[in-house]
Amino acid sequence: MFWRMPGAPVASPVDTILDKENCTLEELLDEDETIQECKAMNNRLINFLRERTQVEQLLRYIIEAAPKEADKRRTFKLPFISCEILTCDVDIILQSLLEDDEAMNLLFSFLKPDHPRSTILAGYFSKVVLCLMARKTTQLMSYVQSHPEILHQLIDLIGITSMMEVLIRLIGADENMYSSYTDALQLVDSTDVLDLIVDKFSSSDSPEVHANAAEVLCAITRYAPPGLAAKVCSPSFVGRLFRYALEDSRPKSVLIQSLSVCICLLDPKRLLQSSYQSFRSQLSHGTVVIADPETVDLMLEKLGYLLKLLDVATYDVTLPTTFGYLKPPLGKHRLKILEFISILFTLGSEDAEKELIRLGALRHALDLFFEYPFNNFLHHQVESMMVSCLESKKASLVEHVLLECDIVGKILRAERQPALRVHCDKPTVLAQGRSPPRIGNIGHLTRMANKLVQGAKNNGIIQKHLQENSEWVDWYAKVLINRNSVENVCNWACGRPSSLHDRIRDSDDEDFRDRVDYDVAALASNLNQAFRYSIYNNNDIEEAQGSLEREKEDFYFDDECAEAVISSLRLGDDDPDSSLFTNSNYFAFQDVQVVNDRSSDSPTSPSRNPDNTDEVVVGEGEELADMPTSPKTLTSNVEFQDVVTTRFSNGSLTEKNHESSSPSGESMKPPEWIEWRESTASENLHGMRTNSNEPNINIEVEDQNKDVETESGSR
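Residue numbers (this note's numbering): 179 to 893.
It is worth saying that the hints were derived from the structure and are not from the lab.
Some hints could be false.
With a Cα cut of at most 25 Å, we get these calculated BS3-like pairs of lysine-lysine [what the hints assert, rightly or not]:
| no. | residue 1 | residue 2 |
| --- | --- | --- |
| 1 | 217 | 255 |
| 2 | 505 | 486 |
| 3 | 532 | 486 |
| 4 | 480 | 510 |
| 5 | 314 | 430 |
| 6 | 532 | 430 |
| 7 | 198 | 290 |
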């Protein structure tokens, strides 16, 4: 399909259909170019589709299921095309729909309990409603305010993901907010939406319903107005969640999703992910509402019941695996409990820390850590708990990790026997007749051990505990140091810059912006000027003479671009000759020739100092007038000892040494920038000389042209 060009001799197929006396909507929907013509604002087509009968028929294709005997065209194509027409941002069609109450009633009749629906039609319905909300927010919300049963019907259908998305938008819990949405949010605050949603944990056994209900509640805590979010954070509301979650008759999905809501209330990272914060500040809705201390205390009261659920001895379920079998498997609900405990460790609440220590939450988690050595989700949560305790720098937590949990002893015992035990009473059982594999949590144990070593540098309790353990000292010297050296990816010769060998950190934490090896701003300026003046065309030598007059905006390098170039071209920090941006007096590139503009055999420049020494001039000629004339800033009373002409074309390397005219004992100072250019065939000609009248490095090619003409004439 192509856009119809104005004045084209070929008529549009849509216009051909509209020219018929008895034009029908189905004929237009069968035409492939109908949607394209709508987007192209075909006036005849839009005027036809805006009629009341046509709008109602489009809606019926979306909300009414096709008869069983209907063909695929009626089942799939017509509903799809109808949805695309209603959502192609044609304001006249949307306005015709909103101004007709009967059409709006027909659209929202899809939510009635006795209405037959399918997942495909639910998606089309939600797409139309969300389009109306985005384009005609005020009018749509006015209709919803006059029909409050719509919210209740959406909650009843919350198990359908498309209906859940519409509900999130209607209650103002979506990050894409609109300026005309504030009046409608006040209506939502005064309804019993939250009570109806949380009751789904008690009235429904569907895991989809529980998951979508939890998603709506989490969205409310992130983006909804404080009046609605405060209800979710209240102790009474959280108490209802735990009451439903801890009922023995309820499925485990209720416990999992209820804890997901509590984690969302406690996790401070969610505040950084909210793009609605600027909208709140503009509308003076107040600050972000988080769980208050009373709500946290209520969660801590239920912590003992949750820890009992971590006991796997009472469950008799077997799960076959590749290495043997699990009896029983850990389960999603235990993982969610451990995640909830991990969040409690990060709160920094003294009451929470005391309760966690009293109940031995970390000790229970470490037991599961070694009982399930192949569950990386479990290992991640346990490691997060231990890191939170060590980074808190509180003596009670540190002593709890070292003494009561005996983390050092457990690490050493696992290192002594790193293979899965054949005969054991643990849930992870090895299959008969198979060799025991290596346990899968050695990597997390190594990270924990490194965290202990790192913490010992700043914490006397950890340092004393590790020094008093002779087995740890021996294992650290013989095993851990060598393992860190082998597993340090910065030392791997796999295409990574070798200069990163000194960075021992997580790949997730690597940030090259904290390196201070080079002045990125200065290098960006150098690259900017070098590329601005020295890009030449191989087919036209005369462009070299006019390179200084190039427009400044031809090439531009900012700091970020320069840093990317530096990171990609850096060859090594240890060898100064192998690094691109070092204190050397030349750059070496492939197919690039670098020529110094001052040599001992060049004619005397009129810009020499009274001391008869050469000046190293930097910058543009027009910039020299504003620069100070101090030798420290503008010139360097030194001439380079070696003028090096480096060429990598055809693999040759030529180097010329000239005697220096500068006083002995003076150190060389490299120029602030050095130009480079693409090598041309004419550069191989001899007789090149420098032009001392130019403020920057510029190669004159007059003698070359004369040589070329002489040679061609002789031939």
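Do the hints match the structure? See the list:
1. 217 - 255: 19 Å, holds
2. 505 - 486: The given pair, whose Cα atoms are some 18 Å apart, holds under the 25 Å limit.
3. 532 - 486: 18 Å, holds
4. 480 - 510: Measuring from Cα to Cα gives roughly 19 Å; hence the hint holds.
5. 314 - 430: Violated. Residue 314 to residue 430 sits at ~41 Å, over the 25 Å cutoff.
6. 532 - 430: Measuring from Cα to Cα gives roughly 28 Å; hence the hint is violated.
7. 198 - 290: 39 Å, violated
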